[in-house]
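From first to last, the protein sequence lines are chains A and B.
Here our numbering = 1-based position in the first sequence + 654.
Here our numbering = 1-based position in the second sequence + 1.
These are calculated hints, taken from the structure and not from any lab test.
A quick note: this is a predicted structure, and the numbers were derived from the prediction, not measured.
Ideal Cβ positions, reconstructed from N, Cα and C, are used throughout, including at glycine.
Check the hints yourself; a few may be wrong.
[Claimed, not checked] Derived DEER-like restraints, expressed as beta-carbon distance ranges:
no.	chain 1	residue 1	chain 2	residue 2	range
1	A	876	B	131	37 to 45 Å
2	B	66	A	870	57 to 65 Å
3	A	870	B	81	47 to 55 Å
4	A	767	B	141	24 to 32 Å
5	A	767	B	41	46 to 54 Å
6	B	41	A	671	44 to 52 Å
7	B	10	A	827	56 to 64 Å
8	A	829	B	10	14 to 22 Å
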Amino acid sequence: MTQDLRPSLACALILVLAVSQLASLSTALGALASTVLGGLIWQRARLVAHKRRLLHLEVFLLLVLLTLPFTVAGTALFSLGPLVASVEGVARALLVVAKISTAVLLITLFLAQAEPLALARALHAAPLPKPLLRLISLTLRYLSVVSDEFNRLREAAKARSFRPATTLRTWRVMGLMMGTMLLRALSRADRISEAMRARSGAGHMPHLPLPALSRRDHLRIGASLIGALFLTVMDRL
Amino acid sequence: MTAPVVLDRLSVTRDGLPVLREVSLTLAPRDRLAIVGPNGAGKTTLLRAIMGLQVPSSGTVALFGQTCTHEAEFRSHRPRIGFLFQDSDDQLFCPTVVEDVAFGPLNLGQSNAQALKIARETLAHLGIAALAERLVHKLSGGEKRLVCLAGLLAMRPQVLLLDEPTNGVDAENGARLRAVLHGFEGAMIMVSHDDGFVADLANRARLLSGGCLQEADIHDHAHLHRHPHVHPRMKTDPNAG
Ligand SMILES: Nc1ncnc2c1ncn2[C@@H]1O[C@H](COP(=O)(O)OP(=O)(O)OP(=O)(O)O)[C@@H](O)[C@H]1O
Ligand SMILES: [Mg+2]
């Protein structure tokens with residue numbers, strides 16, 4: 655049986671929503687600090703395991719930090735040639751960086767370890783449009799079929815002594831492979847929809863039932879709600 | 002009883018090329034018909050035409066006594082016809098085995114819980130109850146084949162159209178598959194390159210070649226023939242190297 659991710663999903667959603675609405679820099683920095691602290695205390699292993707992924711994000715955020723100050727008008731802080739960085743811009747950049755970092759940390763802490771299937775199951779409980787859920791579940795099912803197909807193509811090319819290099823021919827071969835993949839995917843999609851019709855499919859998918867939420871799950875969700883409320887109140891004060 | 006499937010001078014073209022030419026066929030309620038023929042002969046196309054997935058250029062398909070031309074007419078008969086696709090990955094589109102088998106019963110108006118119950122019973126009937134919670138994409142080819150069949154049988158069809166059912170199935174699972182199909186009450190059309198399977202299950206055969214169906218015999222005489230076999234090596238034999 656796969657794990658029940660509904661509580662984690664609910665907690666992450668509640669907290670991320672609250673963080674996304676923050677407007678004051680001090681609250682956002684406070685939220686970031688407490689998330690880091692909480693993570694280090696309770697989920698140290700998880701943070702370490704996803705260190706690389708988090709670092710990738712921080713590099714992107716550095717870009718925001720470097721460019722945003724120059725695009726917001728306000729009191730000048732310093733200038734680089736014709737570009738003027740404003741105090742408001744720096745504050746805005748820090749706010750954005752703090753909020754995004756907190757949100758990603760929260761998602762990492764609650765959901766990074768999740769099996770894709772468990773996540774899809776939990777999403778079924780969320781009020782999401784059915785076509786989106788079907789898309790997620792079909793992606794889960796066929797991702798490995800498509801990647802196996804691609805690996806077989808690559809191995810077949812390798813078996814016939816094809817070695818990728820930075821030549822025009824390599825690009826052409828890669829293009830052919832991509833085209834082949836696309837055509838196969840399209841005709842597979844046709845056959846899948848035929849298989850659904852053959853079994854009288856009308857868009858409904860069966861799903862394994864999930865157990866009822868436990869007291870502990872309710873407590874976790876309650877704690878997240880209180881945390882979210884606290885952040886929102888602090889932000890408005 | 003009316004014949005579940007009657008094809009009358011059915012012709013099909015694919016991409017402008019004729020694949021089936023004026024094929025006629027009657028499948029009686031307990032018929033077990035084998036269709037054999039070389040690759041590309043149009044066997045899969047024939048089964049698709051019976052399901053209404055392939056539009057014919059001329060001729061008719063009649064299912065359970067009703068001539069079907071429109072999608073709606075085919076749709077009303079599909080619950081009673083199980084079609085095993087040649088490629089299992091086309092047919093198994095749910096993440097787990099039990100959910101996939103429950104897909105058909107759910108479409109027939111069962112509740113989610115009932116559908117899952119029927120699915121588990123069907124898997125047990127096929128002797129693969131242990132696969133229920135497994136992820137479909139982690140099954141072996143032979144396991145997938147059995148799960149596909151379970152998905153059809155869960156709908157209690159009266160006709161099975163089997164496109165290479167033994168493809169990728171080992172001897173043990175093959176025996177299981179045959180036992181289940183022997184116990185199936187309805188009519189069956191099987192497309193297979195597996196002579197042993199055809200000789201065991203079919204009561205008549207047709208050869209599809211050049212777009213036409215011809216009468217064919219199933220060889221059932223005991224002629225002495227040689228064929229290679231693979232046996233496990235006897236470990237207890239002291240002389241074995
Ligand atoms: N998707 C398609 N689009 C166009 N033509 C097709 C398509 N699939 C098959 N054909 C053509 O239709 C003809 C019959 O194909 P079909 O798949 O019915 O053969 P088959 O008897 O099932 O062969 P096999 O034993 O290889 O499964 C072939 O000549 C093939 O080229
Ligand atoms: Mg075929």
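These are the hints, each one checked on the structure:
1. A:876 x B:131: 37 to 45 Å: holds, 39 Å
2. B:66 x A:870: 57 to 65 Å: Holds, at about 60 Å.
3. A:870 x B:81: 47 to 55 Å: Holds - the Cβ-Cβ distance for residue 870 of chain A and residue 81 of chain B, about 48 Å, lies within 47 to 55 Å.
4. A:767 x B:141: 24 to 32 Å: Once the Cβ atoms are compared, 28 Å apart, the range 24 to 32 Å for residue 141 of chain B and residue 767 of chain A holds.
5. A:767 x B:41: 46 to 54 Å: holds, 49 Å
6. B:41 x A:671: 44 to 52 Å: Roughly 57 Å apart at Cβ, these two residues miss the hinted range, so it is violated.
7. B:10 x A:827: 56 to 64 Å: About 47 Å separates the Cβ atoms of residue 10 of chain B and residue 827 of chain A, which means 56 to 64 Å is violated.
8. A:829 x B:10: 14 to 22 Å: violated, 45 Å
In summary, the structure is inconsistent with hints 6, 7 and 8 from the numbered list given earlier, while agreeing with the others.
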